[in-house]
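A.B. asks: So the chains spell out like this:
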Amino acid sequence: MKIRVKINGVTREDDVEPRLLLVHYLRELAGLTGTHIGCETSICGACTVLMNGAAVKSCTVLAVQADGSEITTIEGLSGRNGQLHPLQQGFWEEHGLQCGYCTPGMILAAHQLLSRNPHPSRAEIRKALEGNLCRCTGYQHIVKAVEWAAEKVRAQAEHA
Amino acid sequence: MSSKLLGERIKRKEDPRLIQGRSHYVDDIQLCGMLYLAFVRSPHAHAEIKAIHSEAAQKMPGVLAVYTGADLEGRLGLIPCAAGMEGLKVPPHPCLALRRVRYVGEPVAVVVASGRYQAVDAAAQVEVDYEPLPAITDLDKAVSSDSPVIHESLGDNIAFVAKLEGGDWKAVESDASLKVIRQRLVNQRLAPLSMETRGVVASYSPGEDTLTVWSSTQIPHLLKTQLAVMTGMDEARVRVIAPEVGGAFGSKLNVYAEEGVACFVSRQFGKPVKWIESRRENLMATIHGRDQIDDLEIYFRPDGKVMGLKCHILANLGAYHQLLTPAIPTLTALMILGCYNIPAVFVETKGVFTNTMSTDAYRGAGRPEATYIIERVMDMVARELNLDPVEVRLKNFPPPGKDIVLATGVSYDTANYQKTLKKVLTLSGYKKLRREQARLRKKGKYLGIGLSTYVEICAMGPSSRMPAGGWESGTVRVEPTGKVTVLSGTSPHGQGEETSFAQIVAEELGVPYDDVTVYHGDTNQVPMGIGTFGSRTTAVGGTAIYHAAQRIKKKMARLAAVKLGAKPSELVFRDGKIETEDGSKSVKFGEVVGEAYFAKQLPPGLAPGLVENYVFEPPNYTYPFGAHVAVVEIDNETGEVNLRNYFAVDDCGRILNPMLVDGQIHGGLAQGIGQALWEEHVYDENGQLLTGTLMDCAAPRAHQFCWFETANTETRTPVNPLGVKGVGEAGTIGSTPAIVNAVMDALRPLGVRHIDMPLKPEKIWQVLRGGSPQVV
Ligand code: FES
Ligand code: FES
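If you read the sequences in order, they're chains B and L.
Heads up: the first sequence begins at 1 in our numbering, then just goes up one per residue.
Heads up: the second sequence begins at 1 in our numbering, then just goes up one per residue.
Just so you know, the hints here were simulated from the structure itself, not pulled from any lab data.
Don't take every hint at face value.
The calculated SDA-like cross-link candidates involving lysine to any residue, where the alpha carbons are at most 20 angstroms apart (straight line), are [claimed, not checked]:
no.: 1; chain 1: B; residue 1: 144; chain 2: B; residue 2: 160
no.: 2; chain 1: L; residue 1: 13; chain 2: B; residue 2: 78
no.: 3; chain 1: B; residue 1: 127; chain 2: L; residue 2: 704
no.: 4; chain 1: B; residue 1: 127; chain 2: L; residue 2: 701
no.: 5; chain 1: B; residue 1: 144; chain 2: L; residue 2: 644
no.: 6; chain 1: B; residue 1: 144; chain 2: L; residue 2: 704
no.: 7; chain 1: B; residue 1: 127; chain 2: L; residue 2: 695
no.: 8; chain 1: B; residue 1: 152; chain 2: L; residue 2: 11
no.: 9; chain 1: B; residue 1: 144; chain 2: L; residue 2: 9
no.: 10; chain 1: B; residue 1: 127; chain 2: L; residue 2: 645
no.: 11; chain 1: L; residue 1: 11; chain 2: B; residue 2: 82
no.: 12; chain 1: L; residue 1: 13; chain 2: B; residue 2: 82
no.: 13; chain 1: L; residue 1: 13; chain 2: B; residue 2: 89
no.: 14; chain 1: B; residue 1: 144; chain 2: L; residue 2: 710
no.: 15; chain 1: L; residue 1: 13; chain 2: B; residue 2: 83
no.: 16; chain 1: B; residue 1: 144; chain 2: L; residue 2: 645
no.: 17; chain 1: B; residue 1: 144; chain 2: L; residue 2: 695
no.: 18; chain 1: B; residue 1: 127; chain 2: L; residue 2: 707
no.: 19; chain 1: B; residue 1: 127; chain 2: L; residue 2: 640
no.: 20; chain 1: B; residue 1: 144; chain 2: L; residue 2: 711
no.: 21; chain 1: L; residue 1: 11; chain 2: B; residue 2: 92
no.: 22; chain 1: B; residue 1: 144; chain 2: L; residue 2: 701
None of the values given here were measured: they were computed from a predicted structure.
Just chain L, same shape as in the assembly:
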């Protein structure tokens, strides 16, 4: 029997197969006669390729071929970039390097062998003669006029300059009563680190002339189109399947060289081909996140009201554009004012090429950078004026419930920032914490309390503002037996939408939750869709499914109405029946299904069958928000930051399944806190990757976190009928500044305004001992 499902904590449909090890990730797919690939990668950040010697490798056991960039030229298309902006420079990006390499790990050649170990052995025997060139990794140097140029044909290393300006700057600059803070913030590079690395199986059948590709991807449909273009195949003959995907966090929202090469090789041999990324490769050659330098000027009144914000952003794009590389930092500019009504804004964003792996979408994608900026701004202003950070935030919030257009031109959907803030202050016992802090300070102990009141942009998004379409498709098919199949164009990979989509459909159709099965990720099974990213899957994809379910209901109600002698509008779907509100006229759901398929007495104009597709085009983004409080203690001896408490109040609109929402928040918090305290992905000045293992880039572990106390408010969005906003990235976006604010709050007695992330013990230790180049 169906009960109320939406809003309930329902266990996941995905889990039984996963907890028993019975699911299939890419590497679990084994096909007959499979060949294996291993890539030869550049050890240099910048070099001319003089010669490639593959003769020895070719002679090794099991080796079938070695291909280089020259072999692929004109036979396999370039890696695409979907971001289009005025004046954007787009360097050619071949799947295997041609003549020059521009980052460590860039693929130079590929070995095809009949065994996995054989391919790797042979790749080690391919010798490449390089002539090293000066490497550029420093952003300030890369933009200077005397810097070596990474793509000579483009003239300089600046891929684009974008400006966003709003408000009356003359008034701000001529107001002598305003105070000014100037500060540089560095938002360090991170590795997304999904636990499953990337991987692809490509299988070309010469007889059928079809190409089937299993890839660990967030965007099977977009990938299918791009692989058809790259290989020159008829798109109708290409099928992409995203099998079980072991995490992605934006890093698999892309089209990668290895996917193209696997398809090429499979077509050459007419055999299935597998490539599985090693963790080392994953750290070198899967996109990275963040990496910005933000130079700020903050203009504010003595009462804490911020009147103007200027920011010059240097965004490190890496050596080439991947799918969305240049678009990511533009989201920072868009969201830079956060949830504050600051009347004047000026942002100049420079996208800069360097000899590093491309940056692209990593959980939050441009918005964590914005939130970090504006939330640090609020705290720096509070510190300068000796005000409580809560007070400064309240002073700058727009009034609740009022629609305002910010100086950036952005207008948010429904919000109540005061409410989430108040709730987190109560949850955390904020006033008590402040008293405790005062007591401890007298004893020379450093307790820090950090706040972040964020707003983010998600449910991406209206197609008019997305690079490659922002709509989503959903299909509901009631099978002749009455079981229900749901098809989504999204491609979840851990978020749990097989569960939440089933909740939506079961509730709408009044059928048991167990009768609903959700499929996604196979382009031959599911109508064209966009994918899973930008916290869009439930808000956009779920809405498409909701509408498809409405169409099914409309049709079934018409059929039932004839049977019952009632009006379709009088009928409700519940408990496996279609009936009048009072239950006096009732027919079984299955009976009406039978009617639709046997089609003996269909009302005029009604086609047989019960399958409906709906494509939802969202009228706007949604803007989830929240308030977080972090409490940290600093170890005076070691400089270590101990995370004592974390409180998060998030508002992601209506909650369909609180367990899934909590899961998303928790995972997000771990990544955001990880950036603040431990994680960084570092190149040295020669472009060598210093953090080449999971150990070095400091992926956080269980014992490093405190207990998270989470709560929600629910402000429904009017942007979709479900009222959901999205929650995939909120935790990451909100938490990083809360932690840094907490640490800076702890160190306040030392007169330090800012330390760049990650706030590792060695930096804090320096400050505790009275100085550091980092101290401003």
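The following block holds chain B by itself, in its conformation from the complex:
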């Protein structure tokens, strides 16, 4: 089947098997391997990407379902000039990652949270990341990373 998807601002057209998972489409056809696979069953969140701005688990979306949509992956989050997104920076500042495998999914899930709630409490952050497993960090530093980013986003908004 023919699909047309805008990924990180670039539109591409592909002919795909109907059963091809979005995550495999992104990784293998679009060559964007920053999106990871941890379970293929919608449990771990490692494959989280933004589809039309909403966080989805790309292992449980078919590539054909993404036809006509806009997808943002971790590779598309930094600014044009390579500037890190506040969330990326927050994870770096606050040691929000160790092995880094869950990180792209965590960052994109947090992205959705901050777009809906610029002032999340710690409990709200934990709740928002409920669908994303991390086995390395114990989560607290991830919570701090998201707090760091929230503050930065607010500061940027005030500045603008």
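Guided by the hints, dock chain L with the ligands onto chain B, whose structure is given.
C.D. replies: Here is chain L with the ligands on its own, set in the frame of chain B:
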């Protein structure tokens, strides 16, 4: 300019590539003409293989071959076990099952296809005729004389019996004033659950006759040797690369069937081959952790002093030995006395085969079991005598600063258990908590305060006591431009040593931190090393690098001395210069580097270039320790345990980067708490895995944890010049008993001495309603 780097919170060098999704894990490696593997696995825990029908699968689109155990016999070596102990029974462990399967998930055949989906589709079409045999999963039954035998040639299901005995048992047993507690503790099976599953890419080039293997592994060097042996290739023609590895926790400290098979298939076709483990496979066929039954007898005085500890350990090894399977429970025996001076000990460990996946190293590997035993012992004694658990611990600690040899024969390096305990009591407001508890109890509410004062063994370790060498290599190479390359034989996978190693070298050489780049994990790039496990990477691998840096300094100081007309011993390395202490004579670092490479006026006996390798053999293990306090509330209605506070004071020796140490502690706490409250990996009596998804085995999520309050004391170890002990496993080891002690403390008014982990609401709910088979 270099500033003081060691001990500072320095952001990680690893992160920029990881937070932008620009790194490469195994599955991100794509090679031209790549073939894919899918394994056919046993649905039975124990069965004879009668026939394998692969004709239909062979005809499916994209399928190139199907191999079975018979096809590999004599052509691909067995899966190795490195643990050697007296009388150990080692069953043959082929990469694909031969004639019999012995656990659910055991690989039986492999499909080779040109596409990932094609391989999986075809594997589903391979039909295997099995004749099921009775499965053995229960440890008590497995050791009974009438049990069916899993490996018939071995006679019974007992792989080994090990005894550790010390002290004067006659005196203990004849002392009528001693009280005795008998208790069985079950340390349940767990899945390590790294977020990246296992995976391997093997690429054989027939022209060059070389085999390159990318594997998600903690031990690229050991794996290279083993894959050479298994495939029969000249080791010099095998290269193993551990690319970015998405967590491991001990589960990738191994040599697995799929790695061997991928190499075999790649050699058959002369093409690159990829296999990526599914999560389901990961839960079935990647090693599991823990799984022990510990039967205890505790002899203690009425004042709380413990005089003797007996323990009979039944350790579930699974159906075969993986790399270190039988060695893991022996660490439990070794560390069973914890940080207490208990004069008599007796431990009998039986390693038992069952129809389950092998157990092996999972974060802590044998030591969490020991700590759980001894820390539960302290609390049970306190409860029996109606003493505060703090008091009982203080009574049993050895005096601070004194070197003692425990009844187990173990002697620890520097420690001060009193100090960490005192610190955590202050941090947690222990006395206040006890008052709050008393108030709440009057209202019928259950608040629990749990303590754990652990010691662990790490920085593995002296080669004399390790199965396959315990040394580590480190190389420092100053490039002609003055930039510095560091090569380590370790293989970190999230711990952050690219950062801490760079801190060590930048500080020693007085060069900017950004000028130092650390590489590891590629056997063609890095001199032979051992790997990352047993909290050894910084303490052993970092020390090797430190020494290599000293050798570089020695050479550069000689060169600089000639230039400056000073003595080499007068010179210091700082701020990109080599100079006398007062700065009066100074030369730029880069200038001396140039001298070393251009080699125009080298002092006699000095070879050109600036590359030094050092192999560090640690004289001993190190013994980090700490004290944790957990505070829990029990929901009277649901039986749910709410984790209210967690306080951890850990002493891992000198701290090189507090941020990294904190990260290790946090991650460790999450896993240790996970075991206490939620996680378990369960087989039923037929050997079927009941917890086959991430959901079922209850991997903990962000909202389940409270805020962790962590602090440290720093007692440097004399075992290495850096003074670091290691911290990778401490959090896991210390936290599990603190939580269980807290829950049992909460339930104290109900007269319950012990409930086995995980302390799920259904168990607690039963107890709250006045009874359960679990209640002792
Ligand atoms: S891979 Fe999609 S949720 Fe785990
Ligand atoms: S950083 Fe390793 S799983 Fe989250």
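A.B. asks: For each hint, tell me whether it holds in the structure or not.
C.D. replies: Here's how the hints hold up against the structure:
1. B/144 - B/160: violated (24 angstroms)
2. L/13 - B/78: With Cα atoms ~18 angstroms apart, residue 13 of chain L and residue 78 of chain B stay inside 20 angstroms; holds.
3. B/127 - L/704: Measuring from Cα to Cα gives roughly 9 angstroms; hence the hint holds.
4. B/127 - L/701: It holds: about 9 angstroms lies between the C-alpha atoms, which stays within 20 angstroms.
5. B/144 - L/644: Given that 20 angstroms is the threshold and the Cα spacing comes to 19 angstroms, the pair holds.
6. B/144 - L/704: holds (16 angstroms)
7. B/127 - L/695: holds (17 angstroms)
8. B/152 - L/11: Answer holds: residue 152 of chain B to residue 11 of chain L is near 18 angstroms, not above 20 angstroms.
9. B/144 - L/9: With a Cα-Cα distance of about 16 angstroms, the restraint between residue 144 of chain B and residue 9 of chain L holds, given a limit of 20 angstroms.
10. B/127 - L/645: holds (18 angstroms)
11. L/11 - B/82: Roughly 19 angstroms separates the two Cα atoms, so the pair holds.
12. L/13 - B/82: holds (17 angstroms)
13. L/13 - B/89: holds (13 angstroms)
14. B/144 - L/710: holds (15 angstroms)
15. L/13 - B/83: Holds, at roughly 17 angstroms.
16. B/144 - L/645: holds (17 angstroms)
17. B/144 - L/695: Not OK: residue 144 of chain B and residue 695 of chain L at ~26 angstroms, beyond 20 angstroms, violated.
18. B/127 - L/707: Holds. Residue 127 of chain B to residue 707 of chain L sits at ~14 angstroms (cutoff 20 angstroms).
19. B/127 - L/640: holds (18 angstroms)
20. B/144 - L/711: Within the cut-off at roughly 17 angstroms; holds.
21. L/11 - B/92: Given pair residue 11 of chain L, residue 92 of chain B holds - Cα atoms ~7 angstroms apart, limit 20 angstroms.
22. B/144 - L/701: holds (16 angstroms)
Of the numbered hints given earlier, the model fails hints 1 and 17; all others are met.
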